[in-house]
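Undergrad: Below, each chain spelled out in residue letters.
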Amino acid sequence: MKELMQSLREASIKAINESDNPESIEALRVKYLGKKGELTAILRQMGKLTPEERPVMGQLANQLREEIEQAIDLRKTILSKAILEKQLESEAVDVTLPGREQPVGHKHPMYNVLDQIKDIFIGMGFEIVDGPEVELADYNFTRLNIDEGHPSRDWTDTFYFTEDGKILLRTQTSPMQVHAMETRSLPIRMIAPGRVYRKDEVDATHSPMFHQIEGMVIDKGVTMADLKATLNLVVEKIYGKGTVTRFRPHHFPFTEPSCELDIQCHKCGGKGCPTCKGEGWIEVLGAGMVHPKVLSGCGIDPDVYSGWAFGMGLERLAMGEYKITDLRLIFENDVRFLEQF
Amino acid sequence: MNLSRKWLNEFVDLPLSEYDDRSFAEAMTVSGSKVEVTEDLSKSIKNVKVGRIVKLDKHPDSDHMLVAQLDVGGEAPVQICTGAWNVHEGDLVPAALHNALLPNGTKITKGKLRGVESCGMLCSLKELGCTAHDFPYGEIKAAALLNDYHPLDPAKPSIPADIKAGDKIFGAVIAAQVKSVAPAGVNLWDTVLDTGSGETALASDCQNLHAGDLAAFDTRTKRILTPDELRAEQKEFPHCIPDGILILHEDCKPGDDMGELLGLDDHVVEFEITPNRPDCLCMIGLAREAAVTFHKELKLHEPKVKAAAGGDINELTKVFVEDPLCVRYTARMVKNVKIAPSPAWMRERIRNAGMRPINNIVDITNYVMLEYGQPMHAFDFSCVKGGEIHVRCAREGESIQTLDGAERRLTPSMLCICDTEKPVGVAGVMGGANSEIVGDTAMVLFESANFNGTSIRRTATALGMRTDASSRYEKGLDPQNTYAAVQRACELIELLGAGEVVEGVIDVCPTELKQTTVKLEPEKINALLGTELSEQVMRDILLRLGFTLKGDTIFVPSWRADVEHYSDIAEEVARFYGYNEIPTAFSGGISTAGGYTELQQLERKIGECCRSMGLDEIITYSFISPAYYDKIRMPADSPLRDSLKILNPLGEDTSIMRTTILPSMLEILTRNYNYRNRQAALYEIGRIYLKRPDGMADEPKIVSLGGYGEKMDFFVLKGWVEKLLKELGAGRLRFVAEKQNPAYHPGRCARVYAGDVEIGVLGEIHPLVAANYGVDAAFYCAELRFDALDKAKGALPVYKPLPRFPSVTRDIAVVCRADIPVGELSECILKNGGEYLKDCAVFDVYTGSHVAPGCKSVAFSLTMRSDEQTLTVEHAEETVARVLMALREEYDAVMR
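So the protein lines, in turn, are chains P and R.
Counting along the first sequence from 1, when you hit position 265 you're at 265 in our numbering, and nothing is skipped either side.
Counting along the second sequence from 1, when you hit position 802 you're at 1802 in our numbering, and nothing is skipped either side.
Just so you know, not all the hints are guaranteed correct.
Stated by the list, open to error - One side only, chain P facing chain R, incomplete, derived with CB under 8 Å:
#	residue
1	G125
2	D138
3	V222
4	L329
As the list claims (entries may be wrong) - These stretches of chain P come out as covered by chain R in the derived footprint (C-beta under 8 Å, 3 or more residues):
#	stretch
5	10 to 17
6	257 to 263
Claimed, not checked - Pairs of lysine to any residue, SDA-like flavour, derived with a Cα cap of 25 Å:
#	chain 1	residue 1	chain 2	residue 2
7	R	K1605	R	A1527
8	R	K1043	P	T275
9	R	K1791	P	T275
10	P	K323	R	G1834
11	P	K220	R	A1593
12	P	K293	R	Y1566
13	R	K1304	R	I1506
14	P	K220	R	K1605
15	P	K267	R	E1039
16	R	K1605	R	I1506
17	P	K118	R	R1604
18	P	K220	R	A1527
19	P	K277	R	A1527
20	R	K1043	P	G278
21	P	K267	R	C1828
22	P	K293	R	E1036
23	P	K118	R	R1748
24	P	K118	R	E1036
25	R	K1838	R	C1828
26	R	K1605	P	E315
27	P	K107	R	F1586
28	P	K220	R	V1518
29	R	K1645	P	G278
30	P	K107	R	A1527
31	R	K1691	P	E315
32	P	K118	R	N1677
No lab work stands behind these hints: they were computed from the structure.
Being a predicted model, the structure only gives us computed values, none of them experimental.
Every residue, glycine too, gets a C-beta built ideally from N, C-alpha and C.
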């Protein structure tokens, strides 16, 4: 009987290990371990054994059953793994095929830059204000200390709606200084981005409509040192830490002293290159202390309050940031352009 | 404004060797005079020397070339071949030697010309980058040399090849052989001719004559003729051309550097001067700034006039200023004027400042303008009728021919300089041709006047002639400058020997010139700048700039009309203390909160939502063409056609302010379509401009959506609108078919409402509108009012518990009349479904076989759920039954 079991062991293990699909393994289980299986057939012969032999044989038989079961399980695991592998292999895709396109819209590149600037100023306690584009000459010029007869008032430079020249399309966002001083309570910290209009023919660097950002602070004890500190910080946030700046005297009728802010050319480090037209510096914005005449014209006592203001062109900033070479692209709105940003 | 560094040194000691261009430019820029660019003129010319021709021979192997031996200052002569015939032994010429560089970029190296070594090149005016304006004597006249005659038709020569001295050419013109040529002055040669019948001596100004040449001699006029005078074509005398080598008549010797001789040993600095500083548009103004910037002394010169001519200007003329637009009129008279080229130093300075030398009188006026910033004008006084000057505005119908030759119609707003009859100049813009300085002018009136800047600017603009003078005047010049400038001009007249200055100065100044004073308030200045500068520092800066101080009163110099307030004084102090020395410090004190307003947050949210749906943002012009209203089929009587009109537009396309944003979107869609972009999905949050009774505009914002392409249809567009409104938390939406909007397809357009708020319109663009844009594709657009979106937006969302019990779905299909909007069926279902009905979604609409004609089948998927229990079948059946009953009762829609 022992021999029978031994040959069953050998035959079954061999058959199991040679089986190559789950169905044949199941058939082997029935063949060896089923109610009518070979092991059962052997066990049926237990009656013929002596009582002393029975427990020993019983134990051996159980052992054999266990061995066969283990062999079956092992074989099953191996086979199912192989099947899975085969299946996965057949399911493989060409990962270099393109992904399915998901529509995502794009902010206009110029507004990307504008939003960046808005966030910088909001972080410094500024508000964003909005105002009319169809404007009074009074706000656009007169109250900004720009006299009658100033070239910028010419009909060749400014778009007018009335023959008397009183209503026009604003040529700058600076009238927002006057609006803000008139309507807001002090202190004021605001920026006013928006569309402005000048009579320039369309070319690679000009457009009759473009965008500016005006900024203004009015408070007690505001100085040029404050202007410098704030604008330096803004420039650093736009152009990166360590950006070198230079303040240079300039002229605007509504600020005094007035200045322009240059950054050192990042490309050549100030040595002069085509990017900075050999100057080593790139002009970023105009600024200055709000002219006391402008303050008092808005009912603010210049002996108590002072302020500073700045203005910058948005198109040029965006063009610099994204290396856009032609202003016309900004207003053309070709989706192949818009989707690059 | 171009500044010559060499000239600057006359006023401020700033040698190039100590202050290179870069440091000079940087310092001037940060003190307020912005440098655009600097140029080292000497780099444009290298190794070009003055040479004397010591020997001149014919080239052994060429019929037209000459071989010159030149003394260029070295030990041995240098041999150079030239094709030019205007050179003679003894001439001083510019010689570009081996490895020379010429201003036009040409590099010269030695080589062989037909076997003869040539160690460089002799230069013409043009090759030196000059014209006859720079060297008036450099103009060349060439005689027609018969030995250079090349007949047009070799078979029929006009002049026989064997012609010899004495042979007749035509009329009184004969061939004559040059026996000898000897210099007799600038461009003048004592020439001896063999006329066949004896020798004739004459002075000729033809520069290409050499002993042995055969010339055409007019025996009647005793002149040697040019090809032109022979009525020959230039190609018949190919080498007798009015061009050649520049023969120098300068104070120079062999070996001198031509660059220096041309004044190119100079550096030119180009400044961008802000309009408030017209005083810096001249040497003295910039020198003053430089002196203060570099802490140097400013050396100014006071002009002195001898006026040796006797007489008095007041006996010769009278000046009447008849219009206040002329602030001051100063004049002097010069007699016995001798028009000639001005000296090299003056031509050099004028040239390096970017102007062209003309003649001594014109050059003096330009020189004084460059030096003093005061434009001047010189009249031929003999052309001034009545001997009187009247400064007045032009009369109706008057006109003048200006110096540029153009006839100008004048209007009564234009200030003119007139004689007793007519204008002789447009004040501050340009002189008249009728009083132009010409060769025989003997009496010159020098005008140094001050005019109203705005008036000059408007006149110059109206006449379309912005001149050097007008561009200075228009910024408002210093009226105190006229006297010194006219004195300087007369001093130069005497220095150059260009004429004799008459005694006396006419100086008419109808109104008293005001003196501006400002109080020096150091504490205010420090408070503005954020500095702690001492009063002494401030005083020092002001004094160096030419301000004077008495106590704490600052007397502003006349040339600084821009200074009138303590803040202006603060700028002067800041400029020279240094903008970059001012500390950077945040002012303490009260702060502001900052942040986006609710409306700004809404705008951002709309943008975010649009982009999340795949829409790209666009920016369009606010102005459009009135024709665009026709393009979108706007009714002729629509109030929206009443746009704000720009009176002076750039063109029709940008002439009115849009009252609707639709044309802007259509323009961009069309452009993308024409660029063959297969699809586009765009949005803009832009303004429209609605005319108000006061002439101004309401400028509401519109959210404009637009798209086309394969995946685009009405329901994609509607999906955008629905999603946008849902994201904003708007309440229940309603879409009502809109058949009246002429811009849209009458069957594919809807008005959208959120609750009672009308949000806007959406739909497919009418094919006729698309055709107006030249497009045969379907465009889809929506125009949503921003203020309505603000009204419709929901409050902050409140959390609703997630369902605890599973939902049950039932699909139903009903058949109804085809014209019943599905939206109404859905509303009916939701209204009547009872408490368990949570949602009703349309999933199929069908017409065709199996459905009666004029009917359609609509399939809904109903979702039911209870928050208290798992729904039973009975509950679900009951809900479906209620829905079906309602549909039948209200719409006669029956279960299919």
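Undergrad: Quick one: which hint numbers does this structure break? Sort them smallest to largest.
TA: The structure conflicts with hints 2, 4, 5, 7, 9, 10, 14, 16, 19, 21, 22, 23, 24, 27, 29, 30, 31 and 32, although it agrees with all the remaining ones.
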